[in-house]
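Novice: Chain residues, written in single-letter form:
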Amino acid sequence: GAGVSQSPSNKVTEKGKDVELRCDPISGHTALYWYRQSLGQGLEFLIYFQGNSAPDKSGLPSDRFSAERTGGSVSTLTIQRTQQEDSAVYLCASSRPQETQYFGPGTRLLVL
Amino acid sequence: AQSVSQHNHHVILSEAASLELGCNYSYGGTVNLFWYVQYPGQHLQLLLKYFSGDPLVKGIKGFEAEFIKSKFSFNLRKPSVQWSDTAEYFCASPPPGGFKTIFGAGTRLFVKA
Numbered sequence: 011g012a013g014v015s016q017s018p019s020n021k022v023t024e025k026g027k028d029v030e031l032r033c034d035p036i037s038g039h040t041a042l043y044w045y046r047q048s049l050g051q052g053l054e055f056l057i058y059f060q061g062n063s064a065p066d067k068s069g070l071p072s073d074r075f076s077a078e079r080t081g082g083s084v085s086t087l088t089i090q091r092t093q094q095e096d097s098a099v100y101l102c103a104s105s106r107p108q109e110t111q112y113f114g115p116g117t118r119l120l121v122l
Numbered sequence: 487a488q489s490v491s492q493h494n495h496h497v498i499l500s501e502a503a504s505l506e507l508g509c510n511y512s513y514g515g516t517v518n519l520f521w522y523v524q525y526p527g528q529h530l531q532l533l534l535k536y537f538s539g540d541p542l543v544k545g546i547k548g549f550e551a552e553f554i555k556s557k558f559s560f561n562l563r564k565p566s567v568q569w570s571d572t573a574e575y576f577c578a579s580p581p582p583g584g585f586k587t588i589f590g591a592g593t594r595l596f597v598k599a
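So the protein sequences, as listed, match chains A and B.
Everything in the first sequence is counted per the numbering used here, starting at 11 for the first residue and increasing by one.
Everything in the second sequence is counted per the numbering used here, starting at 487 for the first residue and increasing by one.
Incorrect hints may have been included.
[Unchecked claim] Rough simulated footprint, nothing fancy, chain B against chain A, three-plus residues with beta-carbon under 8 Å:
(1) 55–69
(2) 113–121
[To be verified] Here are the simulated DSSO-like cross-link-like pairs (lysine-lysine), alpha carbons at most 27 Å apart as the crow flies:
(3) 586(B) - 598(B)
(4) 557(B) - 67(A)
(5) 535(B) - 586(B)
(6) 598(B) - 555(B)
(7) 547(B) - 564(B)
(8) 586(B) - 67(A)
Everything labelled a hint here was simulated from the structure, so no lab data went into it.
Everything numeric in this text was worked out from a predicted model, so none of it was measured.
No residue lacks a Cβ here, since even glycine has one placed at the ideal position from N, Cα and C.
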């Protein structure tokens with residue numbers, strides 16, 4: 011497609027369940043980013059991929075969070091044993107290195 | 487630590503007022519600088535960017551920003567805001583030689599009609 015896509019657009023889950031969020035970047039963009047945007051908060055960096063490798067995982071809030079990217083394209087962000095404080099909008103962006111990031115529509119996660 | 491700082495977290499203006507949102511970054515060297523905007527219910531999108539050349543950059547919808555190297559600043563301006571400019575604005579920059587982009591905390595602008 012022409013832009014970054016994310017799925018699902020909305021996810022409601024119960025505390026303690028695992029969730030998997032998907033990001034399809036723009037074709038040819040080697041850089042891929044995951045961010046979290048909580049109500050009233052700014053943009054919180056989670057993890058960055060260059061190709062399939064993640065040189066910067068410094069933003070992952072706990073070891074319940076993990077991400078992978080395969081084939082230099084699709085990325086999945088997995089949250090294990092979700093907690094209520096994980097509720098947020100999870101944004102994915104892709105870019106050429108150091109250039110403009112193009113953001114997806116986000117996945118709204120609600121943990122009950 | 488490398489950082490991008492936005493000084494105003496909330497700004498309320500009347501239509502036709504002038505706008506200036508502050509942004510400072512903490513590192514030297516060659517920098518790329520961005521302003522992104524998120525309108526209510528929409529994706530984050532690029533407003534304008536500076537890579538090199540003329541330090542006064544023009545963006546969409548009448549916005550401009552000025553890169554002042556000596557002040558490590560990249561402030562966003564608009565001479566006359568409209569109600570439709572109500573949005574959240576983010577300054578961002580990848581540190582030189584790095585790929586990770588650092589975002590400021592964002593400024594929520596509300597324009598009263």
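Novice: Out of the numbered hints, which ones does the structure contradict?
Specialist: 3, 4, 6
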